[in-house]
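Q: Residues in the sequence shown are numbered from 1 upward in steps of one, following the working numbering.
Quick caveat, the hints were computed from the structure, so don't treat them as lab data. From the three backbone atoms N, C-alpha and C, an ideal C-beta is built for every residue, glycine too. Treat the hints loosely; a few may be bogus.
[Unchecked claim] Think about it this way: if two alpha-carbon atoms lie no more than 20 Å apart in a straight line, the pair counts; the simulated SDA-like pairs of lysine to any residue are: (1) LYS8 <-> ILE18; (2) LYS8 <-> LEU181; (3) LYS8 <-> ALA135; (4) LYS111 <-> ARG188; (5) LYS111 <-> ILE18; (6) LYS8 <-> TRP117.
[Unchecked claim] Per label pair, the in silico range of CB-to-CB distance: (7) LEU19 <-> GLU76: 48 to 54 Å; (8) GLU44 <-> SER4: 34 to 40 Å; (9) ASP155 <-> GLU103: 31 to 37 Å; (10) LYS111 <-> ALA61: 56 to 62 Å; (11) LEU15 <-> GLU58: 35 to 41 Å; (12) SER138 <-> ARG159: 39 to 45 Å; (13) LYS111 <-> TRP5: 20 to 26 Å; (14) PHE171 <-> GLU44: 25 to 31 Å; (15) GLU63 <-> LYS8: 46 to 52 Å; (16) ASP151 <-> GLN52: 26 to 32 Å.
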Amino acid sequence: MAGSWRAKAQAGGMLLAILGWVSSCVTTFVPLWKSLNLDLNELEVWTMGLWQVCIAREEGAVECRAHGSFLALPPELRISRLLMCLSNGLGLLGCLLAAPGLEGWRACEDKPGLKRWLLLAGGAAFGTAGMATLAPISWVAYNTVLDFWDDTVPDIVPRWEFGEATFLGWFAGAFLATGGLLLACSARSTRTAMLPAPASGAAHSLPVRITLLYSQ
Numbered sequence: 001m002a003g004s005w006r007a008k009a010q011a012g013g014m015l016l017a018i019l020g021w022v023s024s025c026v027t028t029f030v031p032l033w034k035s036l037n038l039d040l041n042e043l044e045v046w047t048m049g050l051w052q053v054c055i056a057r058e059e060g061a062v063e064c065r066a067h068g069s070f071l072a073l074p075p076e077l078r079i080s081r082l083l084m085c086l087s088n089g090l091g092l093l094g095c096l097l098a099a100p101g102l103e104g105w106r107a108c109e110d111k112p113g114l115k116r117w118l119l120l121a122g123g124a125a126f127g128t129a130g131m132a133t134l135a136p137i138s139w140v141a142y143n144t145v146l147d148f149w150d151d152t153v154p155d156i157v158p159r160w161e162f163g164e165a166t167f168l169g170w171f172a173g174a175f176l177a178t179g180g181l182l183l184a185c186s187a188r189s190t191r192t193a194m195l196p197a198p199a200s201g202a203a204h205s206l207p208v209r210i211t212l213l214y215s216q
């Protein structure tokens with residue numbers, strides 16, 4: 001029963017983690033973190049990402065322009081770039097570590113302790129990747145809300161709103177964190193199952209030896 005639970009937890013955790021990692025990679029590079037609709041020109045929609053700004057026109061044409069110098073970017077975009085790239089790297093590392101530790105994977109079959117530690121390390125990498133994804137997404141979303149409700153800006157000025165990548169990033173971070181937690185819990189369960197049971201005669205041998213000593 002415990003083995004079946006571990007296998008299901010590992011399969012579900014790995015699936016969620018990989019889905020979250022792929023979604024995080026997509027979130028990193030798509031220019032859809034923010035969107036801007038101009039009331040004066042409804043034929044154009046502006047979108048912004050970590051790397052470029054794009055203009056989508058009604059006829060279907062899309063024109064993108066990369067951001068300027070890295071040092072000229074706002075702090076939220078600079079740190080978000082670093083954290084998202086870190087998340088992508090940790091997600092890849094988690095895949096490489098957790099895969100050999102899965103039950104049914106033939107690697108390290110003769111070393112159950114190593115498989116458990118690989119699974120635990122992979123789960124930790126996925127969990128850290130999830131936090132590294134949620135942090136920049138939430139930071140950018142928070143600043144977007146502050147700018148949207150800024151009373152010092154006239155109402156006629158267009159405001160940036162959430163883009164599709166914001167919601168995708170939240171799901172990606174949640175999937176990574178949940179998948180990593182499931183893998184770590186299954187690794188802990190594997191460790192509990194590996195503990196040797198006490199010998200049946202060990203509990204009775206001590207009283208017998210004490211009796212013999214007193215009889216002498």
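Q: Let me make sure I understand: some of the numbered hints might not hold for this structure. Which ones are they, in numerical order?
A: 3, 5, 7, 8, 9 and 12
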